[in-house]
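As they're listed, the protein sequences go chains A and B. Here full-length UniProt numbering is used: the first residue of the first sequence is 1, the next is one more, and so on. Here full-length UniProt numbering is used: the first residue of the second sequence is 1, the next is one more, and so on.
Source of the hints: derived by calculation from the structure; they are not laboratory data. Predicted model only: the values in this text are computed from it and were never measured. Errors might be hidden in some of the hints.
A pair holds if it fits inside one copy or across any two, identical chains being indistinguishable in the list.
[To be verified] Subject to a maximum C-alpha distance of 27 Å in a straight line, what follows is the list of computed DSS-like cross-link-like pairs (lysine-lysine):
(1) Lys281 / Lys97
(2) Lys122 / Lys281
(3) Lys310 / Lys236
(4) Lys331 / Lys146
(5) Lys236 / Lys21
(6) Lys316 / Lys17
(7) Lys31 / Lys141
(8) Lys121 / Lys233
(9) Lys97 / Lys17
(10) Lys316 / Lys331
(11) Lys236 / Lys17
(12) Lys128 / Lys233
(13) Lys331 / Lys21
(14) Lys329 / Lys39
(15) Lys236 / Lys207
(16) Lys39 / Lys236
(17) Lys45 / Lys331
(18) Lys21 / Lys97
(19) Lys118 / Lys310
(20) Lys141 / Lys114
(21) Lys45 / Lys141
(22) Lys236 / Lys316
(23) Lys21 / Lys233
(24) Lys141 / Lys329
(25) Lys281 / Lys39
(26) Lys17 / Lys233
(27) Lys146 / Lys283
(28) Lys233 / Lys331
2 protein chains.
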Amino acid sequence: MQRILNNPDNIVDEMLKGFLKAHEDIVEAAKNPRVVRAKHIPEGKVGVVTGGGSGHKPAFIGYVGENLCDAAAVGEICSSPTAAAFLDACRAADQGKGVACLYGNYSGDNMNVKMAVKMAKKEGITVKTVVANDDVASAPKDEREKRRGVAGEVLMWKVGGAKAAKGGDLDEVIAAAQKAIDNTRSVGIGLTPCTLPAVGHPNFEIKDGTMEVGIGHHGEPGIEVCPLETADKMAKRMVDVVLPDYPFTEGDEVVVLVSGLGATPVMELYVLYDEIDRLLKEKGILIHRAYVGNYFTSLEMMGATLTVMKLDEELKELIDMPAYSMGLKQK
Amino acid sequence: MQRILNNPDNIVDEMLKGFLKAHEDIVEAAKNPRVVRAKHIPEGKVGVVTGGGSGHKPAFIGYVGENLCDAAAVGEICSSPTAAAFLDACRAADQGKGVACLYGNYSGDNMNVKMAVKMAKKEGITVKTVVANDDVASAPKDEREKRRGVAGEVLMWKVGGAKAAKGGDLDEVIAAAQKAIDNTRSVGIGLTPCTLPAVGHPNFEIKDGTMEVGIGHHGEPGIEVCPLETADKMAKRMVDVVLPDYPFTEGDEVVVLVSGLGATPVMELYVLYDEIDRLLKEKGILIHRAYVGNYFTSLEMMGATLTVMKLDEELKELIDMPAYSMGLKQK
């Protein structure tokens, strides 16, 4: 395992220390050492909170910042933050207007957020939630509530954070974030597994010369293991999974997000995007904005995810709003 | 080779097509398909140009943008752009005030830039150059002219681009960029090799359980191969190579840039930065600004580089100026 580590058991705490020092213009420590909060939170707005396991950088703390999330709860690698961390993130973000907790559909996160919401209620903090479930490959369309959240969460945070920054009340922020994720579909293709530092060997297998379509951010099984394909064929396969599910059709305006899973060279993401862009345009779909880069990773996995969100006027305005965090800077 | 590719011979062209589409708010195609130019170049300023081989994203085209470079010449993977591409980048950036060509010290780039400068002169375009040589490990201190340019180039572009944006004339831009790189030292530690797509196997070896201190961005040999160390020991080793070379001492104000080499999880860069920050502060060195992330990579190499630049008032002002490109967004 060729990694930059001290004691693997301390990696999250050490990472957080370095992160807070490096980005002290954007974030600061909260009372709970497993909570990161934005340095400048405009007064009187609805709080926006997220959280999740570590190892997915920029997710989750990289989306704490201006017009994005106000605080994030931090879990161990690939594990949910505790209920206490989610609660403290809500406390850090609450200004009496309530808190929108926007997170991904994983059993640990669901359980801990649910507890945090109850505890917050006792303190008089109203927390409402949106649970991201954009990963098409993780369950059939008629069981969307079972689907996992993946890179589409970035667009949900972008929209929810912008709505709160614009002065939306809690229900309006929740409605915008819910619409964002309802309008969003993703799929991933994994090319190599990743190794959790404390384990020291890959926790799943992708054989050389093969690829796993629909793989999850923690190596959750996909829908098909097949021989490694060219970038153009991968693009077509991803588009063919994502587009029919919503469905996205001619004349739709969309945001496209292509994220690397960690170790894939960024130049290859542009090769993939080039063909995705061509395929979407061929179908008459209008790309309003594209994000290409490492937006939601899984340690040193190779591979990529494609995320498409259908826009309406409200979503377009919110997506286009400036933002400033470690992981997303846009003017 | 688990990569996202079509024909490896076309990867640079395909990447460029995707890059231009994804970032059409920042960059646009030039006449020469191997040149990327900024979309919005303020009128009447000195041109700032760079260029280099592909596979180092965000370098080089990711630093074309507002208050950074105006154009970049694009080479094949790990190969210099042609003289014609450097010339066309200069043409794209020239507004009659001359062009500062800020690039890294590699034989191919030196040769092609030299030819481009001559050809530009015949057309009445004055091109002056700064050659980055921040890699401490690549030659002894008394042979600095032999040292390679690595991630310190990012700070050179930041400073040169800002000086030109502020209305500096060609000599002032060159002087600022030269001071930036003269005040900058870097070192890298490599943990795994990388594979050029057209070759299909690693072009050098780093054995599991070892690391190569001082490795170059193309796998050029470092100064020592030793057993893999903890993050804290790597940090100390890097600091101990970089600080004495300038030397950086108590009371100095510096910029610190920690860049991943491509496949190292970003969380590990923060673990490394945490200790680097501690070591510098222990020595009484003041960190004015830190950049941590994948700023200058080598395909899917694992490892990281440390870059330290000493600031004076001019450099501080230029480093702090806003910038907006694919690879560097700062407000």
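Quiz item: Can you list which hints this structure breaks, lowest number first?
Solution: Hint check: 1, 2, 4, 7, 8, 9, 12, 16, 18, 19, 21, 24, 27 and 28 fail, others pass.
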